[in-house]
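Undergrad: Assemble chain B onto chain A, guided by the hints.
So the protein sequences, as listed, match chains A and B. Residue numbers for the first sequence follow the working numbering, beginning at 1 and rising by one. Residue numbers for the second sequence follow the working numbering, beginning at 1001 and rising by one.
Simulated from the structure, these hints should not be mistaken for lab results. Hints should not be assumed to be uniformly reliable.
Stated by the list, open to error - Covered stretches of chain B (in silico footprint by chain A; criterion: 3 or more residues with CB under 8 Å from a CB of chain A, positions within the stretch not fixed):
1. 1027-1041
2. 1072-1080
To be verified - Far from chain A, some chain B residues (derived; all Cβ distances over 12 Å):
3. R1003
4. V1005
5. L1010
6. G1018
7. E1019
8. V1022
9. E1023
10. L1044
11. G1085
12. K1086
13. E1087
Claimed, not checked - With the C-beta cut set under 7 Å, the calculated list includes, among others, these residues of chain A facing chain B:
14. P31
15. W59
16. G70
17. W74
18. E78
19. K80
20. G85
21. P87
For each residue, glycine too, the CB sits at the ideal point set by N, CA and C.
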Amino acid sequence: MSGVRVLVGTHKGAFVMTSDAKRTQWDISGPHFTGWEVYHVKGSPADPNRLYASQNTGWFGQVIQRSNDGGKTWQAMEGKFAYDGEPGTHKWYDGTSRPFEFKRIWHLEPSLSDPDTVYAGAEDAALFRSTDGGESWHELPALRQHSTASNWAPGAGGMCLHTIILDPKHKDRMFAAISAAGAFRSDDAGTSWRPINHGLRSEGIPDPNAEVGHCVHRIAMHPSRPDTLFMQKHWDVMRTDDAGDTWREVSGNLPSDFGFPIDVHPHEPETIYVVPIKSDSEHIPPDGKLRVYRSRTGGNEWEALTNGLPQSDCYVNILRDAMAVDSLDSPGIYFGTTGGQVYASADAGDSWSPIVRDLPAVLSVEVQTLR
Amino acid sequence: MIRVVLPPHLRNLAQVTGEVAVEVQGKATPQSVLDALESRYPVLRGAIRDQTTQERRALVRFFACEQDLSLDPPDRPLPDAVVTGKEPFLIIGAMAGG
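Next up, chain A with everything else stripped away, as it sits in the complex:
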């Protein structure tokens, strides 16, 4: 019997929500790791019972948790995150240089084929990999040691490596995105990287067309078309059809092209979802209306999805890792808010209902399709 498992990270712990394919009745477990910030929880595509969670506090630092039973029980891993060699420096907000300093793991990306291999994106920006199920971690240092890294600067949320995409067709190709450095691609399994920001334009930086310095919020890919990527940038929704070599804007008729998450329909590679936010200075939905926008044309032409979502007095935000799609025949779309709601749609976004309404602020949402 098919179903789904939604993995939710919040400011005060993690939650695991399961349902059958109807996605109307939910069993909710948690909070796990109560009181800790859980930036991300994600399951292995190769073994759905293998989950990884990133648990952190400013007091006690970073812990990686692992589950081998779909989130029923968890084991804290002992491995540490240490930069490989000299940390080097990056730019601070005031333009001075300061050393890279590990703060937390924002994003975990399990291997597509090996449950014990998982990648981790760090703040300050660096890419780590474990090949033993999270027990030990080693940096893939080429990204942090890129020739542009000394000019990277943090976004308002910190200098985080928040997006890791593994290409299912080219086994050595991977993508990473860093706020506020930009997007990067490796074609040799992380041995070397190059910026892929041509076509991005960011006002407010000395050179609006610079090779790096762009505040990329999120990138999404459909596995059947790995050369096509969709990006929600600080401002602008963008797409590339050549694996990042060139980007073009597809914001079209969105009420605001500022936002954080972006995702792709599991069966329609040209159908994408964003949640517009009013502006970079006001992280709230335009007009107090929580609206997901869907484009069935790969961008430019967008429709508002409002059925079941609050259309007045709503002032939550939806963070970059807080949207996910399942792959059931009638696909489910999920997102979480800083107000603690997790909304689900079992009909590709046509209608929505809350799974829960009163969690701590939601940092991340992932979903596993269980068959």
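TA: Same frame as chain A, but now just chain B:
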């Protein structure tokens, strides 16, 4: 044996309740107590002090016998009352009011 009181988050992480007791090799100091504690509960490595530099995490404080030992050299001997087990070594997450 040195009695150690952990803050609630670290008790959960180490999966212990109440105080823990650790045996210290040689002189009892904050450093040797933390060495013994991390040896017995490896998951605490990095949660109290940096794993590379061994520096105390900024928001973690050490107390014993109503004294703040946080800024003492890590190899300074602990008070006799801690060594004899009369008083615990307290590891505390910094608190803010309000």
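Undergrad: Against chain B, run the beta carbon of A:G85 and see if the smallest gap drops under 7 Å.
TA: With Cβ-Cβ at 12 Å, over 7 Å, it is violated.
Undergrad: Is the interface hint satisfied for A:P31? The criterion is a beta-carbon contact with chain B at less than 7 Å.
TA: violated (11 Å)
Undergrad: May I ask you to check that B:E1087 keeps its beta-carbon over 12 Å from the closest beta-carbon of chain A?
TA: holds (23 Å)
Undergrad: Tell me if the interface restraint on A:W74 is satisfied: Cβ within less than 7 Å of some Cβ in chain B.
TA: Violated - the Cβ of A:W74 stays beyond 7 Å from chain B, reaching only about 11 Å at its closest.
Undergrad: Holds or violated: the hint that A:K80 contacts chain B, with Cβ atoms closer than 7 Å.
TA: Because about 4 Å separates A:K80 from the closest Cβ in chain B, which is inside the 7 Å limit, the hint holds.
Undergrad: Would the least Cβ to Cβ distance between B:V1005 and chain A come out above 12 Å?
TA: holds (15 Å)
Undergrad: Mind verifying the non-interface call on B:V1022? Its CB should be farther than 12 Å from each CB in chain A.
TA: holds (17 Å)
Undergrad: Are A:E78 and chain B close enough, Cβ to Cβ, to be under 7 Å, as the hint says?
TA: With Cβ-Cβ at 5 Å, under 7 Å, it holds.
Undergrad: Please verify that hint: A:G70, Cβ, nearest Cβ of chain B, below 7 Å or not.
TA: violated (20 Å)
Undergrad: Once the shortest beta carbon distance from A:W59 to chain B is found, is it less than 7 Å?
TA: holds (4 Å)
Undergrad: Could you let me know if the closest chain A CB is still more than 12 Å away from the CB of B:R1003?
TA: holds (20 Å)
Undergrad: At 12 Å, judged by beta carbons, does B:E1023 keep clear of chain A as stated?
TA: holds (21 Å)
Hint compliance for this structure: hints 1, 2, 5, 10, 14, 16, 17, 20, 21 are not met, and every other hint is.
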